[in-house]
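S.K.: Sequence:
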Amino acid sequence: AVAAAGDVAVCEAPGCGELSDGDEAPLLQVHRSAGGVNVSYQSKSESEAWSGTSQGWCLGTRILQESIAEDIVPNAEIDSKYIAWFTMPQQQSMKLLLQFQKKLKPVTLPPSMRNVGPGKAITFSEGSAADVVGMMYAATKVSGIFEHVPEELRGVFWMKGNAMPEELTVFQYSTWSEDKKILFQPQAPFMWAWPGGKPRRAPMFGVQYSRDVSAGLAAGFAYAMSCNANAFGFSTCKEGKELTNMPLYCDVSDPDPRGYAYMQAFGVGNVSSVNKFGPVISSVTGLPSFITNQLDAGFTLQKMPGSVDGSHYKRPCQWGTTTCSFLEFGTYDLVKIMDGDGKPVQPAYDQFLAYMGDVPLLVWSGWHNAAFREFSAKSYRDWISAVDKGQAAALLQHPAGTEEARTLSDEVTPAPALGSGL
Numbered sequence: 004a005v006a007a008a009g010d011v012a013v014c015e016a017p018g019c020g021e022l023s024d025g026d027e028a029p030l031l032q033v034h035r036s037a038g039g040v041n042v043s044y045q046s047k048s049e050s051e052a053w054s055g056t057s058q059g060w061c062l063g064t065r066i067l068q069e070s071i072a073e074d075i076v077p078n079a080e081i082d083s084k085y086i087a088w089f090t091m092p093q094q095q096s097m098k099l100l101l102q103f104q105k106k107l108k109p110v111t112l113p114p115s116m117r118n119v120g121p122g123k124a125i126t127f128s129e130g131s132a133a134d135v136v137g138m139m140y141a142a143t144k145v146s147g148i149f150e151h152v153p154e155e156l157r158g159v160f161w162m163k164g165n166a167m168p169e170e171l172t173v174f175q176y177s178t179w180s181e182d183k184k185i186l187f188q189p190q191a192p193f194m195w196a197w198p199g200g201k202p203r204r205a206p207m208f209g210v211q212y213s214r215d216v217s218a219g220l221a222a223g224f225a226y227a228m229s230c231n232a233n234a235f236g237f238s239t240c241k242e243g244k245e246l247t248n249m250p251l252y253c254d255v256s257d258p259d260p261r262g263y264a265y266m267q268a269f270g271v272g273n274v275s276s277v278n279k280f281g282p283v284i285s286s287v288t289g290l291p292s293f294i295t296n297q298l299d300a301g302f303t304l305q306k307m308p309g310s311v312d313g314s315h316y317k318r319p320c321q322w323g324t325t326t327c328s329f330l331e332f333g334t335y336d337l338v339k340i341m342d343g344d345g346k347p348v349q350p351a352y353d354q355f356l357a358y359m360g361d362v363p364l365l366v367w368s369g370w371h372n373a374a375f376r377e378f379s380a381k382s383y384r385d386w387i388s389a390v391d392k393g394q395a396a397a398l399l400q401h402p403a404g405t406e407e408a409r410t411l412s413d414e415v416t417p418a419p420a421l422g423s424g425l
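Each residue of the sequence shown is one higher than the last, beginning at 4 in the working numbering.
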């Protein structure tokens, strides 16, 4: 997907150099119920907006209890509390996704994954690091969305030093609110990449990695199925100091209005409900839930001094109580390796390829076809409707999905099974 042209490497993935027209409008529109709580991130006074509560001083990063993004909607025609791939105002080009699937090696999901609702519909693929980087850029460069995302957040980013089995991420297929300075990053095909093995210099000795595709696939499947999304509330570094006393990697004298961002996560893109990170602590440490339910995390994004056009951010990870995160562990660098024009950023691009070596990258590459994408959107629509009616438990009793899903799955010829894994 990336080839050398003289001394300059350029992206050659189809559609890489121009905006993809994508597909038609959102596949799911869920309207906000009347009388719902509507917290405006910037309608509060500056101190109240940044402190969230009258918590007092925190030797770390404060934990905001309220959603910073509840007012954000994909466009003026959609009034929804859900922002996910199926509510984006422009869908990714199905033709391009299928084209990339053919160029990559298919990865078959084990029965424990493909028999779970939308798991029947999604596809995972793997390929060389160079190929996948270019495809991630092209598949997420969608007209009507890409041009509204700030330039420094366009391109492909390496999560350098992230100890979890995940390598790359993309922001350019996201909802951006200029007036509120909030970026909402849904989970969609080719927006994340995981390792298909263990790089020789994997962070923290590769404890969270596996020598085969299993660790990356487990992380990728959870990513695709949960449909969680991230929101980043941007400000200057000086304003960010209202939330983060330490560590502050950004420069407080830098007037950049996007020098600091506070991060929140949302299940199924539901901007009215902030995810708590206690369960993550439980899964990693094995501590019982009655302990981890009292814990949470503060995640931020901070522009590093010397960063040019978003070339280098720090991604602090801090852990603590439900009001103050004070223990820093798991912090990594977010380094741009392909810019908004689809050109490699050096030397970071070559450093990433050297780091991956012969280890392939794994991506959620989309769906088997357009019908499967429609089925997947309908599955989430049904789930959301059931939640609203208090019937979600009934859906969980039928993990194999509907008769429609079983009929669709019969039309797909499985790829070769995993050699080892889950």
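Keep in mind that a hint or two might mislead.
As the list claims (entries may be wrong) - Ranges of calculated distance between the beta carbons of each label pair, as one might list FRET restraints:
{"id": "1", "residue 1": "D257", "residue 2": "T324", "range": "37 to 43 angstroms"}
{"id": "2", "residue 1": "R214", "residue 2": "A357", "range": "33 to 39 angstroms"}
{"id": "3", "residue 1": "M249", "residue 2": "G360", "range": "44 to 50 angstroms"}
{"id": "4", "residue 1": "P113", "residue 2": "S286", "range": "27 to 33 angstroms"}
{"id": "5", "residue 1": "V119", "residue 2": "D257", "range": "22 to 28 angstroms"}
{"id": "6", "residue 1": "K105", "residue 2": "V311", "range": "35 to 41 angstroms"}
Unchecked claim - SDA-like cross-link-like pairs, simulated, lysine to any residue; straight-line CA separation at most 25 angstroms:
{"id": "7", "residue 1": "K244", "residue 2": "M228"}
{"id": "8", "residue 1": "K98", "residue 2": "K346"}
{"id": "9", "residue 1": "K108", "residue 2": "P17"}
{"id": "10", "residue 1": "K105", "residue 2": "E21"}
{"id": "11", "residue 1": "K98", "residue 2": "K201"}
{"id": "12", "residue 1": "K279", "residue 2": "A222"}
{"id": "13", "residue 1": "K105", "residue 2": "R203"}
{"id": "14", "residue 1": "K201", "residue 2": "K279"}
{"id": "15", "residue 1": "K183", "residue 2": "R261"}
Everything labelled a hint here was simulated from the structure, so no lab data went into it. Quick reminder that beta carbons are idealized off the backbone N, C-alpha and C, glycines included.
S.K.: For each hint, tell me whether it holds in the structure or not.
M.R.: Do the hints match the structure? See the list:
no., hint, result
1, D257 - T324: 37 to 43 angstroms, "30 angstroms, violated"
2, R214 - A357: 33 to 39 angstroms, "19 angstroms, violated"
3, M249 - G360: 44 to 50 angstroms, "36 angstroms, violated"
4, P113 - S286: 27 to 33 angstroms, "19 angstroms, violated"
5, V119 - D257: 22 to 28 angstroms, "46 angstroms, violated"
6, K105 - V311: 35 to 41 angstroms, "36 angstroms, holds"
7, K244 - M228, "35 angstroms, violated"
8, K98 - K346, "23 angstroms, holds"
9, K108 - P17, "17 angstroms, holds"
10, K105 - E21, "21 angstroms, holds"
11, K98 - K201, "32 angstroms, violated"
12, K279 - A222, "18 angstroms, holds"
13, K105 - R203, "28 angstroms, violated"
14, K201 - K279, "29 angstroms, violated"
15, K183 - R261, "11 angstroms, holds"
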